[in-house]
Amino acid sequence: MIRGILTLGTFISVIFFPWPLTVLLALVSSLGEPLVPLAAGLFVDTLYYSPQASLAPFFTLLGALATGGAFFVRSRMRTGTIR
Amino acid sequence: MKRTFLVRRNALLSSTHFSWGAAALAFAVLVLFVRLLAPNLFWYVATPVFRSADALATQGHSLLSRFGDATLLAAQNEQLAHQNVVLANENQTLSQKVESLLALLNPSATARNMKGILAGVIARPPESPYDTLVVAAGAEDGVVRGQEAFGPGGVPLGVVGAVLAHFSRVTLFSAPGRTTNGWIGRENLPLTIVGAGGGAFHASVARSAGIAVGDTVFVPGPGKLPIGVVSRIDSDPSSPVVILRIMPTLNLFSVTWVELRDTGIELLRSFQEATSTRI
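Top line first, the protein sequences correspond to chains A and B. Going by the working numbering, the first residue of the first sequence is number 1, and it counts up by one from there. Going by the working numbering, the first residue of the second sequence is number 1, and it counts up by one from there.
Calculated from the structure, these hints are not laboratory results. Glycine residues also receive a C-beta, built at the ideal position from the N, C-alpha and C atoms. There could be a bad hint or two in this list.
To be verified - Okay, the calculated beta carbon distance ranges per label pair:
(1) F58(A) x R186(B): 18 to 26 angstroms
(2) G60(B) x A64(A): 41 to 49 angstroms
(3) L37(B) x L27(A): 25 to 33 angstroms
(4) I5(A) x Q59(B): 52 to 60 angstroms
(5) V29(B) x I5(A): 37 to 45 angstroms
(6) I5(A) x S235(B): 46 to 54 angstroms
(7) P51(A) x L94(B): 47 to 55 angstroms
(8) A70(B) x G69(A): 19 to 27 angstroms
(9) G69(A) x R186(B): 29 to 37 angstroms
(10) S52(B) x R74(A): 30 to 38 angstroms
(11) A64(A) x R232(B): 45 to 53 angstroms
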């Protein structure tokens with residue numbers, strides 16, 4: 001339930017709140033759902049990316065990086081409490 | 001006769017295997033496809049959402065401001081300061097326009113370019129992480145790529161980078177790495193203004209130029225239009241140049257309407273491209 005609320009909260013934050021809060025929510029969500037940062041980054045760039053403003057869709061790339069990091073941490077903590 | 005059914009549970013919908021992350025990713029990909037295949041429809045659907053977000057932010061601000069007199073006064077002060085900045089910018093812009101127009105032999109030629117298209121802002125920083133504005137005016141309203149966007153008081157904000165039928169995207173001059181030519185100070189010292197993100201700019205000038213904190217930075221408009229004010233000067237004693245930190249004269253986070261009009265930026269760029277490839 002908490003994972004669902006955090007995931008929805010991240011997506012709502014993309015539209016309603018400043019982007020630093022979105023980044024924070026995505027990182028917190030990634031503890032339970034590693035794909036959320038990538039999904040949120042893709043959603044941010046879908047809404048706001050402009051080739052004239054930036055060379056690359058940085059939020060998708062950063063989301064992918066965070067997702068990769070979350071998967072790596074989870075693979076190292078298989079025997080821990082985070083499953 | 002009672003029949004028994006073997007209920008097969010869908011692994012994706014099972015509460016133990018349901019992945020919110022996978023669902024979120026699927027949703028994001030779906031939105032991306034809609035954005036790519038039907039951009040105008042996408043913005044039609046997204047506009048009410050952005051408008052409600054804007055209304056919610058305004059309501060939240062007014063609600064918080066009722067909690068105490070000090071907060072109320074601070075809000076009023078902020079509003080008056082904003083109005084003051086807008087009026088000062090407008091005044092500067094008008095005086096510059098008067099000077100420019102008087103200097104020209106054919107003032108009607110400049111006046112023809114002053115007709116603009118008014119557009120409401122749908123998305124702006126800081127929700128929009130890149131320095132862009134999404135505005136509710138597009139090709140059917142007469143918007144074309146390369147038009148310049150002006151805020152209240154005639155402050156230049158950016159250039160139209162993408163145009164749909166009813167929506168456009170404006171790339172702000174403050175977008176990271178974007179360069180704009182302008183002037184600074186009363187001596188009209190030319191300088192290259194570089195976007196630093198978040199509405200801010202920086203530029204480097206010779207130490208001997210004598211630039212001080214508070215000096216106004218202008219960009220071509222027609223005429224000279226104020227774009228920002230020097231807020232800090234970073235200086236290294238071993239370097240002959242100083243770095244100017246420039247804050248915008250207009251708060252980009254509170255822009256609700258912009259005026260779009262052609263100022264010849266695209267024409268200038270096409271000249272530069274033509275001369276660099278054909279000559």
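Okay, the hints, checked on the actual structure:
1. F58(A) x R186(B): 18 to 26 angstroms: Violated: the Cβ-Cβ distance is about 39 angstroms, outside 18 to 26 angstroms.
2. G60(B) x A64(A): 41 to 49 angstroms: Violated - the Cβ-Cβ distance for G60(B) and A64(A), about 32 angstroms, lies outside 41 to 49 angstroms.
3. L37(B) x L27(A): 25 to 33 angstroms: For L27(A) against L37(B), whose Cβ atoms are near 31 angstroms apart, the range 25 to 33 angstroms holds.
4. I5(A) x Q59(B): 52 to 60 angstroms: The hint (52 to 60 angstroms, Cβ to Cβ) is violated, given that I5(A) and Q59(B) are roughly 23 angstroms apart.
5. V29(B) x I5(A): 37 to 45 angstroms: violated (22 angstroms)
6. I5(A) x S235(B): 46 to 54 angstroms: holds (50 angstroms)
7. P51(A) x L94(B): 47 to 55 angstroms: With Cβ atoms ~35 angstroms apart, the hint is violated.
8. A70(B) x G69(A): 19 to 27 angstroms: violated (44 angstroms)
9. G69(A) x R186(B): 29 to 37 angstroms: violated (52 angstroms)
10. S52(B) x R74(A): 30 to 38 angstroms: Since the Cβ atoms of S52(B) and R74(A) sit about 36 angstroms apart, the hinted range of 30 to 38 angstroms holds.
11. A64(A) x R232(B): 45 to 53 angstroms: violated (35 angstroms)
Going down the numbered hints, you'll see the structure goes against 1, 2, 4, 5, 7, 8, 9, 11, while the others check out.
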